[in-house]
Amino acid sequence: MSNIPAELKYVESHEWLRKEEDGTITVGITDFAQAALGDVVFIELPEVGAEVEADEDIAVVESVKAASDVYAPIAGTIVAVNEELVDAPEKANEDPYGDAWFFRMEPTDPNVLDTLMSAEEYAAKCD
Amino acid sequence: MGKQTPLYQQHLDANGKIVDFGGWDMPIHYGSQLQEHNVVREDAGMFDVSHMTIVDITGPEALAYLQKILANDVSKLGFTGKALYTGMLNEEGGVIDDLIVYKMDGWYRTVVNCGTREKDLAWMNKQIAAFDATLTERPELAMVAVQGPNAIEKVKQVRPQDADVIGELKVFQGLPVNEWFYARTGYTGEDGLEIIVPEAEVVEFWQALVAAGVAPTGLGARDTLRLEAGMNLYGNDMDDSISPLEAGMGWTIAWEPAERDFIGRKALEAQKAAGIPTKLVGIVLETRGVMRSHQKVVVEGIGEGEVTSGTFSPTLQHSIAMARVPYDTGSECNIEMRGKLIPARIVKMPFVRNGKKVFE
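Heads up: the sequence lines are chains A and B, in that order. Per the numbering used here, the very first residue in the first sequence carries number 1; after that it's consecutive. Per the numbering used here, the very first residue in the second sequence carries number 128; after that it's consecutive.
In case anyone wonders, no lab produced these hints; they're calculated from the structure. The structure displayed is predicted, hence computed values, not measured ones. Treat the hints with care, as some may be off.
Unchecked claim - Keeping only pairs whose Cα atoms sit at most 20 Å apart, straight-line, the calculated DMTMM-like set for lysine to aspartate or glutamate is:
| # | chain 1 | residue 1 | chain 2 | residue 2 |
| --- | --- | --- | --- | --- |
| 1 | B | K144 | A | D57 |
| 2 | B | K283 | B | E413 |
| 3 | B | K467 | A | E90 |
| 4 | A | K65 | B | E383 |
| 5 | B | K144 | A | E90 |
| 6 | B | K195 | B | E396 |
| 7 | B | K406 | B | D366 |
| 8 | B | K484 | B | D170 |
| 9 | B | K467 | A | E47 |
| 10 | B | K130 | B | D147 |
| 11 | B | K253 | B | E188 |
| 12 | B | K467 | B | E427 |
| 13 | B | K467 | A | D69 |
| 14 | B | K246 | B | E326 |
| 15 | B | K253 | B | E218 |
| 16 | A | K65 | A | D114 |
| 17 | A | K65 | B | E433 |
| 18 | B | K475 | B | D455 |
| 19 | B | K144 | A | D69 |
| 20 | A | K65 | B | E463 |
| 21 | A | K65 | B | D152 |
| 22 | A | K65 | B | E427 |
| 23 | B | K246 | B | E219 |
| 24 | B | K406 | B | E219 |
| 25 | B | K209 | B | D318 |
| 26 | B | K209 | B | E306 |
| 27 | B | K130 | B | E326 |
| 28 | B | K467 | A | E56 |
| 29 | B | K144 | A | E56 |
| 30 | B | K467 | A | D57 |
| 31 | B | K399 | B | E427 |
| 32 | A | K65 | B | D147 |
| 33 | B | K393 | B | E383 |
What the hints assert, rightly or not - Residues on chain A that point at chain B, a partial pick, calculated with CB under 8 Å:
| # | residue |
| --- | --- |
| 34 | V41 |
| 35 | F42 |
| 36 | V64 |
Unchecked claim - Covered by chain A, per the in silico footprint, the following chain B stretches (three or more residues, Cβ under 8 Å):
| # | segment |
| --- | --- |
| 37 | 159-168 |
| 38 | 364-373 |
Beta carbons: idealized from backbone N, C-alpha and C, even for Gly.
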């Protein structure tokens, strides 16, 4: 069974989102996604400062199995990326909700998280 | 649900992630393909290869039959237990399958791929009609490959009664002990054994190997290990439409004696005379990204080819691939990856042998 933390929000492309105290939103890939990909060997992240649309492909995860795009789950600006993940891509398998966050965004719509899936709704998609 | 080997329950118990492989339910990994790969390079891992097809050939004309259907010459096998790698070709010189033949005491044992079982048996049965020889498939035999620098020691520990026989085996030799058969062969580029076991005894053997510290290893690691070792995968790197001369298998064609008229010989001779159009090469990409099968290879000024097998090499920590390219290709090429042309280097295979990088 996948681990799906109740306090996070989710999108169908298997990314999770967490609202930080400063209003930015941290994004990563879910436990379900990392398990489906298998061992991750390379990660490419977006540029800090990039303005992105929802569903735009902005990062790449290469696993032993395949190369997969990572999509911007919401519209906004990239304000930080996890450079340490680039040097230790295996963290995406080991700690998908912690050390292996991908990037942080300033959302165009501050209330956007309310429109996304809850853990329960996402769990139903993963069955 | 597909066919299951006698070890299926062992795979489930070890958290194996099961996938379809040529109609069989087989473990792709047991948690981490990368860790399983590294265990085989550094210690000992084991693969359930019971899905592979074992075919025994007996009768007074067994040798003559194999000399007809195989491109390599079985008469080179000088003593009982010696093994030979060879292609089985069609009349056009294409590879129907690649296989290992073991010389037994007055008969021969072959191990062919599972994905090609039906067409192999159909072809072998059709050709045997002209010979006083018999084909017998051995589905009641299971098979386990134990591979890695400590593999042989651990098998001896688990099977002390057979340790002397195992100790006698040189590379590419096999010997039977009653219904068991030990061969010092493999598909990883490491030392180790491929062991044929009666299916009723294989679960106990597998569990004893686990207890001796041999790690169950899935098909995912099997693929990265064989690719690092520069070994072809049937269906990816060659098939019925590709001759061994275009698949890095020229060394498996026995041209002498010239009068041995094996199936495919005339087509190979014609191809050699006309010029071999393509070759199979090893490619390394020392920057980021992973080459994958079917990606386009662009060779400047010469033409195009295709990646036949590509992966991330856990031992080298970068991508490696095999590709079929125009015959005149030199040492440089570009791989089309995700819409971009990425420069890569052509090297002599294998990439890794006995845990170490071997190409320049």
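Right, here's what the structure says about each hint:
Taking the CA atoms of K144(B) and D57(A), the gap is about 29 Å. The hint is violated against a cut of 20 Å. For the suggested pair K283(B) and E413(B), the alpha carbons sit about 39 Å apart, so the restraint of at most 20 Å is broken. For a cut-off of 20 Å, the pair hint linking K467(B) to E90(A) is broken: about 25 Å separates their Cα positions. A threshold of 20 Å between alpha carbons decides the hint, and for K65(A) with E383(B) the separation of about 43 Å lies outside it, so the pair is violated.
Distance restraint check for K144(B) and E90(A): the Cα-Cα separation of roughly 19 Å lies within the 20 Å cut-off, and the hinted pair is therefore satisfied. Restraint check for K195(B) and E396(B): the C-alpha separation of about 16 Å stays at or below 20 Å, so the hint holds. Taken as a hint, the K406(B) and D366(B) pair is honoured in the structure, with Cα atoms around 14 Å apart against an allowance of 20 Å. Of the pairs offered as hints, the one joining K484(B) and D170(B) holds, with about 17 Å between alpha carbons and a cut-off of 20 Å not exceeded.
With a CA separation close to 19 Å, the supplied pair K467(B) and E47(A) stays within the 20 Å bound. Restraint check for K130(B) and D147(B): satisfied, since their Cα atoms lie roughly 9 Å apart, inside the 20 Å limit. A hinted pair counts as satisfied when its Cα atoms are at most 20 Å apart, and K253(B) with E188(B) qualifies at roughly 15 Å. Between the alpha carbons of K467(B) and E427(B) the distance comes to roughly 15 Å, so the proposed pair stays at or under 20 Å and holds.
Of the pairs offered as hints, the one joining K467(B) and D69(A) holds, with about 15 Å between alpha carbons and a cut-off of 20 Å not exceeded. For the given pair, K246(B) sits about 24 Å from E326(B) by alpha-carbon distance, which is inconsistent with the 20 Å threshold. The suggested pairing of K253(B) with E218(B) holds, with an alpha-carbon distance near 13 Å, which does not exceed 20 Å. Of the pairs offered as hints, the one joining K65(A) and D114(A) is violated, with about 34 Å between alpha carbons and a cut-off of 20 Å exceeded.
Our distance criterion of 20 Å between C-alpha atoms is met by K65(A) and E433(B), whose separation comes to about 18 Å. Only pairs whose Cα atoms come within 20 Å are accepted, and K475(B) paired with D455(B) is accepted, the gap being roughly 15 Å. The hinted pair formed by K144(B) and D69(A) fails the criterion: a straight-line CA distance of about 23 Å is larger than 20 Å. With a CA separation close to 18 Å, the supplied pair K65(A) and E463(B) stays within the 20 Å bound.
Simply put, K65(A) and D152(B) have alpha-carbon atoms about 18 Å apart, close enough for the 20 Å limit, and the pair holds. As the CA atoms of K65(A) and E427(B) are separated by approximately 29 Å, the hinted pair breaks the 20 Å bound. Using a Cα cut-off of 20 Å, the hinted pair K246(B) and E219(B) holds, with the two alpha carbons roughly 16 Å apart. For the proposed pair K406(B) and E219(B), the alpha carbon gap of about 17 Å is at most 20 Å, so the pair holds.
For the hint pairing K209(B) with D318(B), the CA-to-CA distance comes to about 16 Å; that is within 20 Å, so the pair holds. Taken as a hint, the K209(B) and E306(B) pair is honoured in the structure, with Cα atoms around 18 Å apart against an allowance of 20 Å. This hinted pair checks out: K130(B) and E326(B) have alpha carbons roughly 15 Å apart, not beyond 20 Å. The suggested pairing of K467(B) with E56(A) holds, with an alpha-carbon distance near 19 Å, which does not exceed 20 Å.
About 32 Å separates the Cα atoms of K144(B) and E56(A), which puts this hinted pair outside 20 Å; it is violated. Annotation: proposed proximity of K467(B) to D57(A) holds, straight-line Cα distance about 16 Å (limit 20 Å). For the given pair, K399(B) sits about 25 Å from E427(B) by alpha-carbon distance, which is inconsistent with the 20 Å threshold. At roughly 15 Å between alpha-carbon atoms, K65(A) and D147(B) fall within 20 Å of each other, so this suggested pair holds.
In summary, the hint linking K393(B) to E383(B) is supported, as the alpha carbons are separated by about 14 Å, within the 20 Å threshold. Hint status for V41(A): holds, given a least beta-carbon distance of 4 Å to chain B, under 8 Å. This hint holds: F42(A) has a C-beta 5 Å from the nearest C-beta of chain B, less than the 8 Å allowed. Interface restraint check: V64(A) against chain B, minimum CB-CB distance 5 Å, threshold 8 Å, status holds.
Three residues within the 8 Å Cβ limit are the bar, and the segment 159-168 of chain B against chain A gives 3, so the coverage statement holds. Coverage of the segment 364-373 of chain B by chain A is violated in this model, with 0 residues showing a Cβ closer than 8 Å to a Cβ of that chain against a need of three.
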